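Undergrad: Model the placement of chain B on the given structure of chain A, informed by the hints.
In case you want the letters, here they are:
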Amino acid sequence: MRKILLSSIIIVIGLTFLSRLSYLQIFSFSPDQVIEDPSIKRVYTYPERGYIYDRNGHLLVGNDPAYDVMVIPREVKPLDTLEFCSMLGIDKEKFVEKLRKAQVYSPRLPSVLVPQLSKEDYAKLQEKMRKYTGFYIQKRSLRYYDTPSAANVLGYISEVNEGDLAKNKYYIQGELKGRTGVERYYEDLLRGRKGVEYIQKDRFNRDLGPYKNGTLDTLPEQGKQISITLDKILQEYGEKLMVGKRGGIVALEPATGEILSMISGPTYDPSLLVGRQRSKNYTELYNDTIANPTWDRSIHAQQPPGSPFKTLNALIALQEGVLDESTTIRCYHGFYVGRKKRGCHCGGGLRNLNSGIFQSCNAYFAGAFRKIFEKFDTTDDAMDVWEGHMKSFGLGDYLGYDLPFGQKGRIPSKEYYDKWYGDNRWSSSFIISNAIGQGEILATPVQLANMTAAIANRGHYFTPHILKKIEGQDITNPKFTEAKHTTIDSKYFEPVVQGMADVYRKKGGTAYWLQVPGIEIAGKTGTAENFTKIDGVRTQLTDHSVFVAFAPVDDPKIAIAVYIENGYFGSRYAGHIATLMIEKYLKGEISRKDLEKKMLEKTLEHEYAKPYSGEEFKINERVW
Amino acid sequence: MFGKVLRRIDWLSILIYLALVFIGWINIYSSTFTEEQTSLLDFGTRSGKQLFFIIVSFVTIIIILALEVNFYERFASLFYLISMISLLGLFIFGKTIAGATSWYDLGFFNLQPSELAKVATALALAKYLSDIQTDLRRRKDQLYALLIILIPAILIVPQPDPGSALVFFALVFVIFREGLPLYYLGIGLTLILIFITTLMFGTIWLVIGLVLFIILFFLLKRKSFRVPIIPLVIGSIAIVLFSLSVNFVFNNVFEQRHRDRFSLWLRLEKDPAKLEQIRKTIGYNSYQSEKAIESGGFFGKGFLEGTRTKGDFVPEQDTDYIFTTIGEEWGFIGTATVIVLFSILFLRLIFLAERQKNDFARMYGYGVISILLIHYFINIGMVIGILPTIGIPLPFFSYGGSGLLFFTILLFVFLKLDTNRLKESF
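Top to bottom, those sequences are chains A and B. Numbering-wise, the first sequence is residues 1 to 624 according to the working numbering. Numbering-wise, the second sequence is residues 1 to 426 according to the working numbering.
Bound conformation, chain A alone:
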């Protein structure tokens, strides 16, 4: 017994050691040891972030050099503090305080003493820098915006946070990353790839030379220059028109799906989110929860689309063969749902497809909607067909553009109503509001623009997208270059398009007085009722002003949707803005100076102040 005791102890010790070693060296071992190894320092070389140009080659975003004065406290030698401070433009107390903070942070590592010197200060300082041991100037690159607009599309960059670091191993503390918009979506293209040098060091942080003779080192890869589909002039013009209004404008090129402009009002100057004032400005913008300037309404604001939606119901009715161009429906200055009358502004009388559209007759489309549902044996079947058609226009779901997802909008399904009313407890009259784009339907401005582009193309659309070229090469992503076909045959589009053209063309058309000489525009007004809660009470606010349009009618170059919150009639704010945008894009200048003047002068701030005034207020006021 005593003889084998020692042998067993030896074997047990050996096995214990082996299992502990295999735990350390086999199970805990991670191949990223170069990253974690404290004895290997990584020195990075950062490539310049790619520039962003508009569709015509105008610079939108570039880079600006900035100069930080850095300090390594341990290496600081006695110096002429007064002279140094005067060159840096700070007083002595501040200098001493900053130096103390740097010392507390680390005596060995560099800290920023004065961030972002101006070029003039830098020039003065550069020559004398040698005199001040322990201090040096580090060049950094800041984003520079050559436009005061498109903040919502371009996005901004900021320092990576804990979440980014955990998600993507590429980044290290202190690096910058695109946060929203194009900067975020095309981060990988714009950023390039940093180069890295591995340096062996000892525990006192002294360099011992390149690790493995530099065989693992890499050179930086330049960030790519990209062109986006925005038209800088149109974008800036649109934002000028939007001053004092809330809402979104999205303009597309129907033949490609390229986003010509994407405007959210109110917005902000992208330069606010660069440099020393960045976090102060951001907090200010972020905390404005009423106007919400950081919220991109063009993709996030889902609202009832109103009358532009009638065009789709007309197309579905034609496709399903429940009416043709000559079918007439009488408007009694409204229509009846059971005993209840719903109003209409069109003036009453017999309406056909054409006049139904250009005069925006509610009764006609309520009738058309009923006809669609009467074709089918059950409401469920009808609802499925209707929903399918609607969704083929890119409504009710994410469009899949190369920007933040935005919102889905809503095209209600039978399940939606089953849940609301109960199975088989509802019929077309319950949901008749859908005929005129009210009710349960929601859409974002970009969805409305896309729907308009599909009509302009007579039956297909290209997924809206923002990227046009990478390093001068056109994009080839089939997601954006292949047409998506709607479920409506192209022959049914012409009567609807003509109806929309008559909105401008014919007397009595809802946008007759917005005509632009020399351009044939097809459009559709919309006036969407909307509600809010004030102290818990559902309160109606002034109608939203909606307008969709494309031009020229026969060879569409631009399709646009304008959504102005609480702008009342569609032909007012939204109609004006859409018309001006189209003329600006097609002609480059404005002939309807009267419209332009009105839009530049008028604001809706008084309207937006109403719900917060705490007093009784009137909505839908006639005067404007």
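These aren't lab readings, by the way, just hints derived from the structure by calculation. Predicted model only: the values in this text are computed from it and were never measured. Fair warning: there could be bad hints in the mix.
Straight-line alpha carbon distances no greater than 27 Å define the calculated DSS-like cross-link-like pairs of lysine-lysine that follow [claimed, not checked]:
1. A:Lys-101 <-> B:Lys-357
2. A:Lys-3 <-> B:Lys-357
3. A:Lys-557 <-> A:Lys-479
Residues on chain A that point at chain B, a partial pick, calculated with CB under 7 Å [stated by the list, open to error]:
4. Ser-8
5. Phe-17
6. Ile-26
7. Ile-40
8. Val-43
9. Leu-82
10. Lys-201
11. Asp-202
12. Ser-271
13. Val-322
14. Leu-442
Note that beta-carbon positions come from the ideal geometry of N, C-alpha and C, so glycine has one too.
TA: Leaving out everything else, chain B in the frame of chain A:
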């Protein structure tokens, strides 16, 4: 006559010894390697000095093998006396390195008498135990045997070098092998167990556990079994008192650094952030050594490619922490090889010890195994983080002249005795 020795000597042990010394030297070379260093045989460098001591050790081996075999038994007591005097002499003539007065400055090298004392104590213990008049069933003889071990330990503690002092207690194992009743071992293990449980769970839980154990014992015992009530009560009281004294010693006698070592080892600190903090500051050595070994992976980074070794992140890497170099540069393959080599050596030495006809040779053999084993166990256990930090070298590996020389003497005296195994007396 020398030819006979070479024929009878155990070549397996010698081969393993040579392998270990060679691997050790390679790693000393690597852990002290700098790019400027060109020559392998520069005696100004640590690897050069170590090579010099390897040569000295080889010469010593020849002398050991050439000497009369009964020389060691005959002069065992004298060696013991000399080494104890040399330990005492340190208090007057000792040279202090890194806070410990453990060396004599001999000009060309520093002699560490505690290394000599290990050999001498093993010899003296074997001689005393193999004496025909010694009977381990007698309390007095037990006491004498323990004293032989305790005297050098007590002399070494105040240097201060508690690690080396601890080594001598391994020799208790020799006494067990030769017949010390096993309940001493039982008591010893129980005390260690109570020590650890008290630190980890506190006296209260220990008492609760003890009460539960006794209740369970009474429930499950056979009816006919008569419980020795009085020893049970005394035993229980003793356990509780010891547990309380552990608390007292831990909180009032230990210094903070000792407490930190234990709280690190037993993971007493429950807050993971604080524990990590302790690991990186107080546990800096073992943290770095574990990380370095871990970073070697299965295949290692290759000879002279250990980045943490080069960066000098692990302190004392050529002495106490030499094993980390093997771990980082040679990976699991390297560390496993070393452990297998040591294990084979120990098992082989047990085999050799057991085949001795002569009692002195056998007991000395066990002494050699005990001393080598405790170094190996504590050193590697510390380096790979399963034991608290106790600074003792890894035999045949760690840089240090005295260490290598006396470990060699320790081993080869036994191998010399083994060549005479067939004779009952010399």
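Undergrad: Confirm or reject each hint.
TA: Structure-based check of each hint:
1. The straight-line distance between the Cα atoms of Lys-101 (chain A) and Lys-357 (chain B) is roughly 76 Å, outside the 27 Å bound, and the hint therefore fails.
2. Proximity of Lys-3 (chain A) to Lys-357 (chain B) is assessed by CA-CA distance (about 15 Å); at most 27 Å being required, the pair is judged to hold.
3. Between the alpha carbons of Lys-557 (chain A) and Lys-479 (chain A) the distance comes to roughly 21 Å, so the proposed pair stays at or under 27 Å and holds.
4. A cut of 7 Å between beta carbons decides the hint on Ser-8 (chain A): the least distance to chain B is about 11 Å, and the hint is violated.
5. Contact between Phe-17 (chain A) and chain B, as hinted, is supported at the beta carbon level, the nearest pair being about 5 Å apart and thus within 7 Å.
6. With a least beta-carbon distance of about 6 Å to chain B, the hint placing Ile-26 (chain A) at the interface is held under the 7 Å criterion.
7. The beta carbon of Ile-40 (chain A) is positioned within 7 Å of a beta carbon in chain B (closest approach about 6 Å), and the interface hint is therefore held.
8. For Val-43 (chain A), the shortest C-beta to C-beta distance to chain B is roughly 15 Å, which exceeds 7 Å, and the interface hint is violated.
9. The closest approach between the C-beta of Leu-82 (chain A) and any C-beta of chain B is roughly 41 Å, which is over the 7 Å cut-off, so the hint fails.
10. Satisfaction of the interface hint for Lys-201 (chain A) is found here, the shortest Cβ-Cβ separation to chain B being roughly 6 Å, below the 7 Å cut-off.
11. Hint status for Asp-202 (chain A): holds, given a least beta-carbon distance of 5 Å to chain B, under 7 Å.
12. Violation of the interface hint for Ser-271 (chain A) is found here, the shortest Cβ-Cβ separation to chain B being roughly 41 Å, above the 7 Å cut-off.
13. The restraint placing Val-322 (chain A) at the interface with chain B is violated, with a minimum CB-CB distance near 70 Å, outside the 7 Å limit.
14. Checking Leu-442 (chain A) against chain B: minimum C-beta separation of about 48 Å lies over 7 Å; hint violated.
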